[in-house]
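Q: When you get a sec, could you build the whole thing from the sequences and use the hints?
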Amino acid sequence: MSPETLEEFQQGVRSWIDENLPADLRVGNRKDLPGDSLGKWIKAVASKGWVTPQWPTEYGGGGLDRKQAAILMKELKAVRAPIISSFGTSMLGPTLLELGTDEQKQEFLPAISRHEVKWCQGYSEPGAGSDLASLQTRAVKEGDEYVITGQKIWTTGADKADWIFCLVRTDPDAPKHEGITFILFPMHQDGVEVSPLTLIDGSAEFSQVFFNGARAKANHVVGPVNGGWTVAKRLLQHERTTDGGSEGGITGALKENLTDIVKREIGLKDGILADPTLRQRLAAQELEARALSLTMRRAGEELRSGQVGRDIGSLGKYRWANMVKNEQDLAMAAMGAQGLGWSGPGFEDTQLERTRAWLTTRADSIWGGTNEVQMNVIAKRVLKMPE
Amino acid sequence: MSPETLEEFQQGVRSWIDENLPADLRVGNRKDLPGDSLGKWIKAVASKGWVTPQWPTEYGGGGLDRKQAAILMKELKAVRAPIISSFGTSMLGPTLLELGTDEQKQEFLPAISRHEVKWCQGYSEPGAGSDLASLQTRAVKEGDEYVITGQKIWTTGADKADWIFCLVRTDPDAPKHEGITFILFPMHQDGVEVSPLTLIDGSAEFSQVFFNGARAKANHVVGPVNGGWTVAKRLLQHERTTDGGSEGGITGALKENLTDIVKREIGLKDGILADPTLRQRLAAQELEARALSLTMRRAGEELRSGQVGRDIGSLGKYRWANMVKNEQDLAMAAMGAQGLGWSGPGFEDTQLERTRAWLTTRADSIWGGTNEVQMNVIAKRVLKMPE
Amino acid sequence: MGLILTEDQVILREMAKSFFEEKSPVERMRKLRDSRDETGFSRALWKEMGELGWLGILFPEAVGGAEMGYGELGVVLSEAGRLLAPEPFISTVLLGGNAILLGGTEPLQKELLPDLCTGDRLVSLAFQEQGRFAPYSVQTSAIREGDSYRIRGNKIFVLDGHVSNQIVTLARTAGSTDQREGLSLFVVDADSPGITIERAEMLDGRNAASISFEDVAVDASRVLGEPDHAADILDAVLDRATVGLSAEMLGSFEEAFERTLEYLNTREQFGVKIGTFQGLRHRAADMFGELEFARSIVRDAQNAIDEGRDDIAECASGAKARCSDVAQLIGGEAIQMHGGIGMTDEEEIGLFFKRLKAAEITLGDAIYHRDRFASLRGY
Amino acid sequence: MGLILTEDQVILREMAKSFFEEKSPVERMRKLRDSRDETGFSRALWKEMGELGWLGILFPEAVGGAEMGYGELGVVLSEAGRLLAPEPFISTVLLGGNAILLGGTEPLQKELLPDLCTGDRLVSLAFQEQGRFAPYSVQTSAIREGDSYRIRGNKIFVLDGHVSNQIVTLARTAGSTDQREGLSLFVVDADSPGITIERAEMLDGRNAASISFEDVAVDASRVLGEPDHAADILDAVLDRATVGLSAEMLGSFEEAFERTLEYLNTREQFGVKIGTFQGLRHRAADMFGELEFARSIVRDAQNAIDEGRDDIAECASGAKARCSDVAQLIGGEAIQMHGGIGMTDEEEIGLFFKRLKAAEITLGDAIYHRDRFASLRGY
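Residue numbers (this note's numbering), protein chains in the order written: chain A, 236 to 622; chain B, 236 to 622; chain C, 5 to 383; chain D, 5 to 383.
For the record, the hints were derived by calculation from the structure and aren't laboratory data. Check the hints yourself; a few may be wrong.
Said to hold, decoys possible - Pairs of lysine-lysine residues, derived as DSS-like cross-links and limited to a Cα-Cα distance of at most 27 Å, are as follows: (1) 51(C) - 27(C); (2) 309(B) - 353(B); (3) 411(B) - 277(D); (4) 615(A) - 277(D); (5) 619(B) - 277(D); (6) 277(D) - 277(C); (7) 312(A) - 278(A); (8) 266(B) - 340(B); (9) 277(C) - 615(B); (10) 277(C) - 615(A); (11) 277(D) - 615(B); (12) 411(A) - 277(C); (13) 504(A) - 498(B); (14) 504(B) - 504(A); (15) 277(D) - 468(B); (16) 468(A) - 277(C); (17) 114(D) - 619(A).
A: Next up, the structure:
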């Protein structure tokens, strides 16, 4: 059998999608997709191994190479198919493939590839914040199990997760990066309690998770005992390369173009925005967005060309967070009292949504490295300032 | 003889001024006062001991009490008489009166009271800045003299001074505050070289002073050897209570009201400042000036009433510096290209002056404690933040 | 008058402080919000404050008031603001009550104000018709028919309008939208035929109503001041309410600052207290400066009213411009410095953040008030 | 086009860098200023740059130019800006030269541009008449009389006007002050009867002239473009000059930032390097961000011209608005962070500070350009 060409592969993908993707799912990633239809689609995709297209077929993957996988993604996006991803596919899976034992791969990867088992991430703790490595959750070995006591916070989807990949402290006397272990255990057991966290924007996607004698099998440690920090960092790199995944991550910008919002809310007078102060702010904001996007483009060009001086990519998260927040501030200023609604009559849905989004984005300068941490990093790593 | 009443004293002062102050000096403190006239006036004032009205008569002072001295000042100001003050009268003199030996008082105070000997202050050094106590100028004892080597900077009037009061390091091994000595010596000697410093505004009131084997008599040490830090601090307190003296100190605000400048430079259109952005900035600036002045007034009221919580007076220098700088920035923005002149035709004198003043005031957030030092102090002393 | 509290005011502050700490911890405001309480505040607590004389501070003794000033009311409002008490000071005392006080005939005052001072009567002011603050931008019309007027139009953002007994309503009797002249104020009973009041919940857990008037009849005796010239009353009312709101904001952002400072001084990261980082220290020093400048300018604005000075409008706009800016600064920094925990609804700092945003925009934001200040200053 | 330098541009940059480092240290600019040099820059150095082809970068080969683009010119300008070289790029190449290039007839171009490319001819643009930037605000009049015009009026801030051979002059041939229509551009010889050119020294050590025109006769063949419609040319010239000036500013504030960073990293206070203080570190990180954003937006503006995109005006105003803001930020921080020593004329950072202020305002400040950007974007 001669090897399939990329064109043939693309043709195959197209006809397969035509056959299997019903019209009611061709609307992009929305939360209100019809459940039956979606369930069938996931099964079909999983049967091809295309939930995790580049994973080996023995673990339920598609066995595709990078180019094929790119074609598959492009075709799926072209018809606005719902994208199936999870903490399992984007973060734990790649980490297990790289650092897990054969048994671990066999045990966990196929279920992830079938999108059957939901995972959550137990990293952050109250009192740790940016200083992740100062975590306090203890795991004590008893026979072939670990007994876990402590508390996690900001755990996305913990209330719906079946398993957790979790950082625990196994050696409290070691330097703080050296006593941490990366371990997997089920959420549905005594000793695990999940308490959803409501945020100031009214959403409840995060939880606190309390461990009070939860149990993990010793053979579910990934990487060496007390060597979990390295595993954790590796996993975070997967997170970055896959753009945060669809669950949680950093929150986005306005749905509608800011300029349109401001123009509509404020109105023009003789072709000029009726409020001259907001007009200057809007211009500054548009220019900031352009400068950010140009700078990120330039960072990419520098990287590809090898023409690298100081790392301008490092500015991205920090400046992006401020830009998104300022954008929302400006939308709020334009709405005036119409931006103060929470519920009830008198407000358009888009106005209510914008107010919530304004609240949601307050987190952008906190999560994924606070502004302060980003500035510290720029000063130290990029500007090489002395410490 | 019955004691003179305050009314009688006031009458006496008035007639004395009438007799002795010529009309050409009744114009306030200006730099271009007629020399002859001024010389005579100074002699006359000195003969009454009124250059230093509260000093004892034995040192050439006026021997007045606080109330009499206040009346004298009030009467002099009422007729816009030139005020005679110097580093000698405002800073060194009070310090010697308090901490000097009898010989030192006899030797130095009368000449200060006669306004005959000019003093300068040798505190700051290059490389020390806000960290005054890290000074490096060395004084080594040889017989009954000290031999001085080092460098001072920001010495106001050094090019015209006869003597210097100077901080020198006499014990390089002691902790930095404990090896400093306060010493007096003449400027006109080998081993002292003065190099005037031109500033970015073109002015040259400061100098650098280089000591290369300059000599001071051991009996011209004020206070204990190695105890100069205490003397220096005491002297700075005198500086503060006398409002900085007339020589140097922190630079002032615009001569003309900012609002008038901006209105004239920009113009009104339908009764509204023609540039809406500068209009908002001007309003903010006026409100900042009001808030600063109200806050300083409130600080005074709190102090007098004993109703003191956090020390709001500590904000003064910092906020004042920013306000003055912003005021000048705004005047510059209003002038546009007319603010870019240095000399030559095309610019009004007031515009050229304003541009220089803009440059001069850049120092307001540096001298007398930088903004950063002020913020450090507020955080530590006022907000009691941990260190 | 001075810029510090008088001895009597210090005593009043201690009373108010104890009162709110005991009866109105922030938790109470949260419960009112979460239970979707039908009033949105406590009528019982409001009456208690009436008994203490706080609701009548501004009003003459003849109608049951205490005849004191904004200095005194400011003290109470700041303490209320410190613990986010949602009782209707702004709506009933500062807006509705002031409109009746400054524009009402003696019979109207005698009819309405005594109950207001005891806490038994609630009165709102309905003037706003668009999101951006523009008080003369009025399309609601009132047409004279014999001895009465017929009002027709829609109002938004009527604070506490869902529970008020009277709605003091701004309508146009002459002129065109945006004109200062041609406005009139009417005392309209909330149960008048043709009125529809819809409650909306706000960002800060408080309430504002959308009110529609469909040919609502009001007797001509219920006009406040001269018809067509209500803007003079409206301006005076808004200035006073603005100063009162600024005093409340002062209490709120002072408390938010204190809590943030406490957090910086106790929270540890990388083994040290985060309050030791110079970057955060300098920002704390800046917040402190802004806060204290706001306090000075609010006190001066209160004095301007209490002394009957001629710069009340300038001072009021100056105070609100500053307080709106400081609210935004301290609110934002409070969340940022609290980090992730500040994003949770459970942590109270978020409640301050939301209230500060709402107050920042209520009665005009900093841009509006700097603009007005500039106009008053002749440029 | 990309946002990073091409290989050829990297080579050009290295050449320019060595050239200015060797021949034009900051000390040279200081000497020109202190000696009150009658030219204000070095004619010899200018001709050397002509020989290197840098003056002709923008101009067609037919007139002795190199026919390259703003990408290349920007590289040279940034390196000139790094060491504050005061040679007349803005006046002669970007303003005067561009006006002739974009508006001149072929004979005019052939007459004037070859010498300009070699450095033998200096040309200024006289358009400004008031301090605040408002290019259409023109009162200078030009009245047609037979085959010539008579120009009457006053111009200010004519960069390097005291040494130019030609003064390209903007005058009103129709319409009223502030109108965009009715303007015309004339190539006027500097030695024409009736012209008085007075040199003024600027804050940054550079020179600008006040020029008065008293019935100066100019032949109709010296009009650039169509009479009454010069604003089209003027806008295009100003956009290009603005982008060029932004590139120069980029070099200047980059150097000012580097020097400040170096100072922070070496200067000690209280026994530690001041660059270890978090407050200063965060401010340094912010300056770095602003600087790099400015670089991106300037490069994009250069590309817009070189690619003939239709958003040149937006990009030019965007670049200058940003660069003016960054100039103010980095200039101010540079002085503040250098402390007292930064206040002395001896320390070179003050020369950067002054140049950055002058450049910030030249060709319009950030307010002007954000305003213009908003208009171009339709709001």
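Q: With reference to the structure, classify each hint as holding or not holding.
A: Hints, one by one, checked against the model:
no.	hint	result
1	51(C) - 27(C)	holds (13 Å)
2	309(B) - 353(B)	holds (25 Å)
3	411(B) - 277(D)	holds (17 Å)
4	615(A) - 277(D)	holds (14 Å)
5	619(B) - 277(D)	holds (24 Å)
6	277(D) - 277(C)	holds (22 Å)
7	312(A) - 278(A)	holds (18 Å)
8	266(B) - 340(B)	violated (30 Å)
9	277(C) - 615(B)	holds (14 Å)
10	277(C) - 615(A)	holds (20 Å)
11	277(D) - 615(B)	holds (20 Å)
12	411(A) - 277(C)	holds (17 Å)
13	504(A) - 498(B)	holds (25 Å)
14	504(B) - 504(A)	holds (17 Å)
15	277(D) - 468(B)	holds (25 Å)
16	468(A) - 277(C)	holds (25 Å)
17	114(D) - 619(A)	violated (52 Å)
In the structure shown, a violation is registered for the earlier hints numbered 8, 17, in ascending order.
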